[in-house]
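Generate coordinates for the entire structure from the input sequences, incorporating the hints supplied.
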Amino acid sequence: MTIFLLTGIMISTYAMLVCQRVPALIQNFRLQSLFLFLVTLDFAFRQKEAGIFVVAGLLLLVKVVLIPSFLNNLVKKIRVDERLGLFLNPLLSLIAALFLTWGASVFCSWFLGTSPIAVFAAFVVSITVVLVGFFIMVFRMKALTQIVGLLVMENGIFLLASAITGGMPFFVEIAIAFDVFVCAIITGIFMYRINKVFTHIEVHRLTDLKG
Amino acid sequence: MLLFWVVIIPVLAVALSAVLPARSRGAANLAAHGAVFVLAAALACRITSGTGVVVFGGVLRADALSAFFVLLISLVNLAALAYSRPYLREDIRAGALSPGQARGYDILFNVFAATMLVVPLLDNLGHMWVAVELTTLASAFLVGFYNTKASVEAAWKYVIICSVGITLALLGTVLVYYAVAAQTAVKTLDWSVIMSRASGLNPRLLSVAFLFILVGYGTKAGLAPMHTWLPDAHSQALTPVSALLSGVLLKTSLYAIIRFAMITNKAMGADFTSRLFIFFGLFSVAVAGIFLLAQKDFKRLLAYSSIEHVGIIVFALGVGTPLAVFGSMFHALNHAVTKSLVFFAAGNAVKKYKTHHLHMIHGLIQALPFTAAAALVGLLSLVGMPPFGIFMSKLMILSACFQKGLYAPAALLLFFLAVVFGALMFHLSASIFGNKPKGIEFGKEAWSMKLVFVSLILLLVLLGVMMPTPLQALLVSASRLIAGEGL
Numbered sequence: 001m002t003i004f005l006l007t008g009i010m011i012s013t014y015a016m017l018v019c020q021r022v023p024a025l026i027q028n029f030r031l032q033s034l035f036l037f038l039v040t041l042d043f044a045f046r047q048k049e050a051g052i053f054v055v056a057g058l059l060l061l062v063k064v065v066l067i068p069s070f071l072n073n074l075v076k077k078i079r080v081d082e083r084l085g086l087f088l089n090p091l092l093s094l095i096a097a098l099f100l101t102w103g104a105s106v107f108c109s110w111f112l113g114t115s116p117i118a119v120f121a122a123f124v125v126s127i128t129v130v131l132v133g134f135f136i137m138v139f140r141m142k143a144l145t146q147i148v149g150l151l152v153m154e155n156g157i158f159l160l161a162s163a164i165t166g167g168m169p170f171f172v173e174i175a176i177a178f179d180v181f182v183c184a185i186i187t188g189i190f191m192y193r194i195n196k197v198f199t200h201i202e203v204h205r206l207t208d209l210k211g
Numbered sequence: 212m213l214l215f216w217v218v219i220i221p222v223l224a225v226a227l228s229a230v231l232p233a234r235s236r237g238a239a240n241l242a243a244h245g246a247v248f249v250l251a252a253a254l255a256c257r258i259t260s261g262t263g264v265v266v267f268g269g270v271l272r273a274d275a276l277s278a279f280f281v282l283l284i285s286l287v288n289l290a291a292l293a294y295s296r297p298y299l300r301e302d303i304r305a306g307a308l309s310p311g312q313a314r315g316y317d318i319l320f321n322v323f324a325a326t327m328l329v330v331p332l333l334d335n336l337g338h339m340w341v342a343v344e345l346t347t348l349a350s351a352f353l354v355g356f357y358n359t360k361a362s363v364e365a366a367w368k369y370v371i372i373c374s375v376g377i378t379l380a381l382l383g384t385v386l387v388y389y390a391v392a393a394q395t396a397v398k399t400l401d402w403s404v405i406m407s408r409a410s411g412l413n414p415r416l417l418s419v420a421f422l423f424i425l426v427g428y429g430t431k432a433g434l435a436p437m438h439t440w441l442p443d444a445h446s447q448a449l450t451p452v453s454a455l456l457s458g459v460l461l462k463t464s465l466y467a468i469i470r471f472a473m474i475t476n477k478a479m480g481a482d483f484t485s486r487l488f489i490f491f492g493l494f495s496v497a498v499a500g501i502f503l504l505a506q507k508d509f510k511r512l513l514a515y516s517s518i519e520h521v522g523i524i525v526f527a528l529g530v531g532t533p534l535a536v537f538g539s540m541f542h543a544l545n546h547a548v549t550k551s552l553v554f555f556a557a558g559n560a561v562k563k564y565k566t567h568h569l570h571m572i573h574g575l576i577q578a579l580p581f582t583a584a585a586a587l588v589g590l591l592s593l594v595g596m597p598p599f600g601i602f603m604s605k606l607m608i609l610s611a612c613f614q615k616g617l618y619a620p621a622a623l624l625l626f627f628l629a630v631v632f633g634a635l636m637f638h639l640s641a642s643i644f645g646n647k648p649k650g651i652e653f654g655k656e657a658w659s660m661k662l663v664f665v666s667l668i669l670l671l672v673l674l675g676v677m678m679p680t681p682l683q684a685l686l687v688s689a690s691r692l693i694a695g696e697g698l
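Chains C and F supply the protein sequences, listed in that same order.
Read left to right, the first sequence gives residues 1 to 211 (the working numbering).
Read left to right, the second sequence gives residues 212 to 698 (the working numbering).
Keep in mind that the hints were calculated from the coordinates and are not lab data.
Hints are supplied without guarantee of correctness; some may be wrong.
As the list claims (entries may be wrong) - When the alpha-carbon atoms are kept at most 27 Å apart in a straight line, the in silico BS3-like pairs for lysine-lysine are as follows:
| # | chain 1 | residue 1 | chain 2 | residue 2 |
| --- | --- | --- | --- | --- |
| 1 | C | K210 | F | K507 |
| 2 | F | K563 | F | K477 |
| 3 | F | K563 | F | K649 |
| 4 | F | K655 | F | K563 |
| 5 | C | K210 | F | K398 |
| 6 | C | K76 | F | K477 |
| 7 | C | K48 | F | K398 |
| 8 | C | K196 | F | K649 |
| 9 | C | K77 | F | K647 |
| 10 | F | K562 | C | K210 |
| 11 | F | K360 | F | K615 |
| 12 | F | K649 | F | K507 |
| 13 | C | K76 | F | K368 |
| 14 | F | K507 | F | K647 |
| 15 | F | K360 | F | K565 |
| 16 | F | K368 | C | K210 |
| 17 | C | K77 | F | K368 |
| 18 | F | K565 | F | K507 |
| 19 | C | K210 | F | K360 |
| 20 | C | K210 | C | K77 |
| 21 | F | K565 | C | K210 |
| 22 | F | K360 | C | K196 |
| 23 | F | K655 | C | K196 |
| 24 | F | K562 | C | K196 |
Said to hold, decoys possible - Pairwise CB distance ranges, derived in the manner of DEER restraints:
| # | chain 1 | residue 1 | chain 2 | residue 2 | range |
| --- | --- | --- | --- | --- | --- |
| 25 | C | L92 | F | W216 | 51 to 59 Å |
| 26 | C | L92 | F | I303 | 52 to 60 Å |
| 27 | C | A24 | F | P533 | 52 to 60 Å |
| 28 | F | R257 | C | T199 | 51 to 59 Å |
| 29 | C | L92 | F | N646 | 52 to 60 Å |
| 30 | C | V182 | F | K360 | 54 to 62 Å |
| 31 | F | A622 | C | L98 | 44 to 52 Å |
| 32 | C | G51 | F | L606 | 47 to 55 Å |
| 33 | F | A393 | C | I95 | 29 to 37 Å |
Claimed, not checked - A short, non-exhaustive set of chain C residues, derived as facing chain F with CB atoms under 7 Å:
| # | residue |
| --- | --- |
| 34 | I157 |
| 35 | A175 |
| 36 | T187 |
| 37 | I194 |
On a predicted model such as this, the values are computed, not experimentally measured, just so you know.
Here a beta-carbon is modelled for each residue, glycine too, at the ideal position from N, C-alpha and C.
Rendered as structure tokens:
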């Protein structure tokens, strides 16, 4: 079951690299968060802890419902060109992502030593997700992709925490979820402002400040 | 209860700023931050004279290190608040801000202050992470306050780069959590609990975790090469906020790094963190020196100088002897006071000349004599001239370095400091002296601004000439905590 869900996370992560339009990227992020929610839910059923159910519910609310809808609304409101603006085309991005996955697995086998296959797989997937999130931030042009990349990185870390440690302490999880939500809102507001002042949201063209 | 009030007063000030009219709002804020400063001093006294730890409700915990940082933050908060009253009043008079925006500023300022004050008081490393991220989010609007192209760009870079950095720090925090859970079967993120069990933790895990922590929080602390957001944010923010960013925001991240370094040192000896600290410290001073030489913007100049000073603080932590760590903490305090002074002076100059360009700001001494005098004192202190505090702390750090036999790093540090000295002297003396351009009238500062300048200058001299005994006791116990009991 866990391996199945992890595969789902992997697929949605790779899908983010091949998509070329903003709504597709947001949709893939939603899908990834949904799988993350299912992983957490699965975990909650096995641990039978009320706290983990609450964390899973919060994940569903914040990352599957609220943040993607907020971003979609924002994109509609600023009516910007829907293309993502790729510095690296989908095929090359995918190849890079495969290398990242391989690197993550090397790192994990050095790091973990011998451990159950499910833990190992979860570790590799989560590190890959963090790396791909970073990749999206660097190799896509729009301000929106940076927000999504950041959220993807945070998804990866969340997965890592629940995979190897069974989740962070309850109040820490709640605080982090709140923080991620506020972060998404605030970066969204700034994206809106960038569009207003510069009439575009392409971050590689923000080069007034130098030196 | 003391800790509770330190945290809750700024929150109350947020609520007051939202409802009170302009005139009483200023007084209420000043009273609130004055009270926080007094409480911070009381906390420091209680910790140095008592058992060394004060806790509240299992969430808040303060030892000498926390008390020192709370004192530092509340001091700069108070100074920045006192300076921002006349600063904003001029902006409103000039039409750059509306009264509504001034209220927004007060609210954001207090949110920012509250998040910074809570960072050193949280025992749980996960909560601390959240608080550090909230400082970024709270200050982002203060960086982009004027809503111009440059300020929005700066705010965007600030939020995104710092959030990525902080995300890496979260990864490091998760790894530390895993290390503790794997080794001791205790699932906790409480620093005090982890510290008491740190000696058995897996060194390989901790070394990777610490790398993430250093790069992550180091981004926000302004360590080179992750410093790229810093000059943009510092130069575009409102001047009182620049002082806060430079004087204390960078240090709250440093505080987080120090907490993790203490765990790592206990688990695997000080060599690992020490080498990293020395490398990043020297690299930051070097990068700052190069960019300072070629700088054209007044406030960016000061921003790069902040990178230099953070570099010195981190370098001293790397040296790691009690004298060096004492010097490092002392340097953090000196830098916060000096940088506030210079930023305030720079803010007045930029407002008077209506430009950030150094080659257009000349003859400040003719245009704004009082500000020019403050800038000159700040400059001399910044480059490390006696009788100011920075001279003393640099002297401590360098002599600790020589005592430990680290000749090459000390020589490199001295060389880069000489570059910084030359660059700052060259740029700022040209701005302070010389003839003022035509069209710039002779001006006067508000008396409350003068009061802020004078008190900061007096404090600088006091720190350099004779350190007050309670402060010394606090610094000694804080550096003893960091350097470990055995030293």
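Comparing the hints with the structure gives:
Restraint check: the Cα-Cα separation between K210/C and K507/F comes to about 10 Å, which is no more than 27 Å; the hinted pair holds. Distance hint between K563/F and K477/F is unfulfilled; the C-alpha atoms sit about 52 Å from each other, more than 27 Å. Proximity of K563/F to K649/F is assessed by CA-CA distance (about 13 Å); at most 27 Å being required, the pair is judged to hold. A distance of roughly 10 Å separates the Cα atoms of K655/F and K563/F; the hinted pair therefore holds under the 27 Å criterion.
Restraint check: the Cα-Cα separation between K210/C and K398/F comes to about 45 Å, which exceeds 27 Å; the hinted pair is violated. Pair hint K76/C plus K477/F does not hold up; C-alpha atoms about 53 Å apart against a cutoff of 27 Å. At roughly 17 Å between alpha-carbon atoms, K48/C and K398/F fall within 27 Å of each other, so this suggested pair holds. With a C-alpha separation of about 37 Å, the suggested pairing of K196/C with K649/F is violated against the 27 Å cut-off.
Restraint check for K77/C and K647/F: not satisfied, since their Cα atoms lie roughly 49 Å apart, outside the 27 Å limit. For the hint linking K562/F to K210/C, the alpha-carbon distance of about 21 Å falls within 27 Å, and the restraint holds. Distance check on the hinted pair: K360/F and K615/F sit about 49 Å apart at the alpha-carbon level, beyond 27 Å; violated. For the hint linking K649/F to K507/F, the alpha-carbon distance of about 21 Å falls within 27 Å, and the restraint holds.
Only pairs whose Cα atoms come within 27 Å are accepted, and K76/C paired with K368/F is accepted, the gap being roughly 23 Å. Distance hint between K507/F and K647/F is fulfilled; the C-alpha atoms sit about 18 Å from each other, no more than 27 Å. Restraint check for K360/F and K565/F: satisfied, since their Cα atoms lie roughly 17 Å apart, inside the 27 Å limit. A hinted pair counts as satisfied when its Cα atoms are at most 27 Å apart, and K368/F with K210/C qualifies at roughly 12 Å.
A threshold of 27 Å between alpha carbons decides the hint, and for K77/C with K368/F the separation of about 22 Å falls inside it, so the pair holds. A distance of roughly 15 Å separates the Cα atoms of K565/F and K507/F; the hinted pair therefore holds under the 27 Å criterion. Only pairs whose Cα atoms come within 27 Å are accepted, and K210/C paired with K360/F is accepted, the gap being roughly 14 Å. For the suggested pair K210/C and K77/C, the alpha carbons sit about 31 Å apart, so the restraint of at most 27 Å is broken.
With a C-alpha separation of about 20 Å, the suggested pairing of K565/F with K210/C holds against the 27 Å cut-off. For the given pair, K360/F sits about 10 Å from K196/C by alpha-carbon distance, which is consistent with the 27 Å threshold. About 37 Å separates the Cα atoms of K655/F and K196/C, which puts this hinted pair outside 27 Å; it is violated. With a CA separation close to 26 Å, the supplied pair K562/F and K196/C stays within the 27 Å bound.
In this structure, L92/C and W216/F meet the distance hint of 51 to 59 Å, their C-beta atoms being roughly 57 Å apart. Taking the beta carbon of each, L92/C and I303/F are about 53 Å apart, inside 52 to 60 Å as hinted. Evaluation of the 52 to 60 Å hint for A24/C and P533/F yields a pass: the beta carbon distance comes to about 58 Å. Restraint check, R257/F to T199/C: a C-beta distance of roughly 56 Å satisfies the suggested window 51 to 59 Å.
At roughly 58 Å, the beta carbons of L92/C and N646/F sit within the given window of 52 to 60 Å. Evaluation of the 54 to 62 Å hint for V182/C and K360/F yields a failure: the beta carbon distance comes to about 25 Å. Checked against the hint of 44 to 52 Å, the pair A622/F and L98/C passes, with Cβ atoms roughly 47 Å apart. Between G51/C and L606/F the beta carbon distance is about 53 Å. The supplied range of 47 to 55 Å therefore holds.
For A393/F paired with I95/C, a C-beta distance near 35 Å keeps the hint of 29 to 37 Å intact. Taking 7 Å as the C-beta cut-off, the interface hint given for I157/C holds, the closest approach to chain F being about 5 Å. This hint holds: A175/C has a C-beta 4 Å from the nearest C-beta of chain F, less than the 7 Å allowed. Satisfaction of the interface hint for T187/C is found here, the shortest Cβ-Cβ separation to chain F being roughly 6 Å, below the 7 Å cut-off.
This hint holds: I194/C has a C-beta 6 Å from the nearest C-beta of chain F, less than the 7 Å allowed.
Violated hints, listed in ascending order, are 2, 5, 6, 8, 9, 11, 20, 23, 30; each of the other numbered hints is respected by the structure.
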